[in-house]
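Chemist: If you want the building blocks of each chain, they are given just below.
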Amino acid sequence: MIDFEFHSPTSLDEAFGLMDQYGDDAQVMSGGTALVLMMKQRLVQPGHVIGLRKIAGLSSIASDGNGAVRVGALCTQRQMETDPLVRQNLPLVADTYSKVATARIRSMSTVGGGLVHGDPNQDPPPTLIALGVSVVLSSKGGERVVPVEDLFIDYFETDVQPGEILTSVLIPHAPAGSGAVYTKFLPRTADDYATVSVAAIVDSDENNNCRDIRIVLGASGVTPIRAKEAEVLLRQRPLTEENIRASAATVKDAVDPLDDFRGSADYKRQMAEVFTRRAVTQAIAAGRRE
Amino acid sequence: MDILQVAPCIPGVQDVESDGENQFKAVMQVRAGPVRLNFSGTINILGQDREKGEAHFRVEAADRKVGGSIRADMTMQLNELSADESELVIVTDTVFMGKIGELGQPIIRRKAKSTLEDFAKNLAKQV
Amino acid sequence: MVHRIRLKVNGADHDLEVPARRMLVDCLRYDLGLTGTKEGCSVGVCGACTVLVDGQLVASCITLAVTADGADITTVEGLAQDGKLHPVQQAFIDHGGFQCGICTPGQVITAKALLDVNPDPTEEEIKDWMMGNLCRCTGYYGILESVKNAARTSQEAGR
Chain C
122 MIDFEFHSPT
132 SLDEAFGLMD
142 QYGDDAQVMS
152 GGTALVLMMK
162 QRLVQPGHVI
172 GLRKIAGLSS
182 IASDGNGAVR
192 VGALCTQRQM
202 ETDPLVRQNL
212 PLVADTYSKV
222 ATARIRSMST
232 VGGGLVHGDP
242 NQDPPPTLIA
252 LGVSVVLSSK
262 GGERVVPVED
272 LFIDYFETDV
282 QPGEILTSVL
292 IPHAPAGSGA
302 VYTKFLPRTA
312 DDYATVSVAA
322 IVDSDENNNC
332 RDIRIVLGAS
342 GVTPIRAKEA
352 EVLLRQRPLT
362 EENIRASAAT
372 VKDAVDPLDD
382 FRGSADYKRQ
392 MAEVFTRRAV
402 TQAIAAGRRE
Chain X
79 MDILQVAPCI
89 PGVQDVESDG
99 ENQFKAVMQV
109 RAGPVRLNFS
119 GTINILGQDR
129 EKGEAHFRVE
139 AADRKVGGSI
149 RADMTMQLNE
159 LSADESELVI
169 VTDTVFMGKI
179 GELGQPIIRR
189 KAKSTLEDFA
199 KNLAKQV
Chain G
10 MVHRIRLKVN
20 GADHDLEVPA
30 RRMLVDCLRY
40 DLGLTGTKEG
50 CSVGVCGACT
60 VLVDGQLVAS
70 CITLAVTADG
80 ADITTVEGLA
90 QDGKLHPVQQ
100 AFIDHGGFQC
110 GICTPGQVIT
120 AKALLDVNPD
130 PTEEEIKDWM
140 MGNLCRCTGY
150 YGILESVKNA
160 ARTSQEAGR
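Chains as they are written, first to last, in this note's numbering: chain C, 122 to 411; chain X, 79 to 205; chain G, 10 to 168.
Misleading hints may appear alongside valid ones.
Unchecked claim - Only pairs whose alpha carbons sit at most 27 angstroms apart, straight line, appear in this in silico DSS-like list of lysine-lysine:
#, chain 1, residue 1, chain 2, residue 2
1, X, K189, C, K349
2, C, K161, G, K17
3, X, K143, X, K177
To be verified - Output of the computed footprint for chain C on chain X, the stretches with three or more beta carbons under 8 angstroms from beta carbons of chain C:
#, stretch
4, 101 to 113
5, 138 to 147
Hints listed in this document are in silico derivations from the structure and should not be mistaken for laboratory results. Don't be surprised by glycine CBs; every beta carbon is placed ideally from N, CA and C.
Start from the sequences and build out the full structure, keeping to the hints where you can.
Modeler: Encoded structure:
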């Protein structure tokens, strides 16, 4: 690794000042797992690294009093898996984070760091998008709130602008009585990224009609992908097997997977359809159990 | 084939200058998230046939900081479809060597595809 | 650039001057002479370099030493107390938990961390937790047995 200067600001203002001072030559570091790996490979060579871990107030998890949970960006993925408030009020979120890699990696990596990294293969984004989660991007000039659905722009590229730090994540509860599921297709090892993954939230009534539905795919393109066409074919319609099949079939055209060692683009496209069918079916069943 | 006019249409290409007969120097910046690559190298025109509307050239560039290089053999073919419509066919054989080759073939291919698409758009605008 | 940091390792304070790019694993092994922690893959995947930082599992090969400034670190050398092996260490000896030993410090630290949060884990829970510690020798059965038995003996000892 090329040598650099490490800064450990104790306040957001101090961090913004450093980002201003060093501009392009600085990288902000949260958990550091992704950044340190890239620096070890010399793919990224910042002259300055601004570590966030000593900034207070960025690792709490609390109800915001409005039916949502506010999570500090420095919370670890392990905290999302184990925190009682998350497990109680956001079971899909706890479940999704528990599927990330291994306990060790979850203990090091953070909620904010993962989102800013913009890796389309990650597990949390499909779930967060399906739930309508937003992030707070803070800068010297103030704050702006961005839905996670709009955060991912391209492969490893997000809407986070220079001078901005992702400080918290606002997670609304899933609609009462809805069923929510995150399925992760792992044909290789259990600690891997998914070959394809699907987050599905289905809100249905006693007559098996769909009130609302969200379907978001991960590891299926350069960003997470919301299968809007598939949603349209089920929203306000009966949740029959035929309708679910027709809906899942449209996913093949919604995704744009990359050929890699986890599967060919064609295989992933086909599995996207299969796992969408499974995720929607499982979400409906989960909703009935509520 | 006026390289000095055409090359800047490729997104990320800057500082194109002539370096002798049928040879040019250029710098190209490519970004994938936090990874920023700076390629500097040469463009050699290997052959041109104005009548057929064909040009062959070779691009060789390296990013010494990150460690890696590209060698691309390109053929451009301009076909007249009608009085005011032309078709540009670009065939490229590109090899990525070193660190950037390891970065992942799929994303390189994806980036190359989008770069070529933007190049075609820019060229069309210029024309 | 050189930075001054303070690390508490296995209960002892150390003031060090390290370049920013020093990895925690290298700091422990070379600056502090604690060679129990091993480096296997260098990319945080194999688990051989696992240590505890403020009670949390950490891959020390992808952790900058400067980010551990002020932290409380436990390495494998810190598990035995008053000359007596930790129940996890004893269980690994008694139940064939290692062969060449290179992955063992990481396995033992990870197992201890499991029992700290879940003193009576099911087999599934053990497998899920220990999944990030690779072993090329044992085929994992000996490790699984060792952790199960460590849980049992720890509970019996009330530790």
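Chemist: Please work out if K161(C) and K17(G) have their alpha carbons no farther apart than 27 angstroms.
Modeler: OK: K161(C) and K17(G) at ~26 angstroms, within 27 angstroms.
Chemist: Between K143(X) and K177(X), does the CA-CA distance stay at or below 27 angstroms?
Modeler: It holds: about 10 angstroms lies between the C-alpha atoms, which stays within 27 angstroms.
Chemist: Given as covered by chain C, does the stretch 138 to 147 of chain X meet the bar of three residues or more with CB within less than 8 angstroms?
Modeler: Result for this restraint: holds, n = 3.
Chemist: Holds or violated: K189(X) and K349(C), Cα atoms, limit 27 angstroms.
Modeler: Given pair K189(X), K349(C) holds - Cα atoms ~25 angstroms apart, limit 27 angstroms.
Chemist: Okay, the stretch 101 to 113 of chain X and chain C, do three or more residues pass the C-beta test at under 8 angstroms?
Modeler: holds (count 5)
Checked against the numbered hints listed earlier, the structure breaks none of them; every hint is satisfied.
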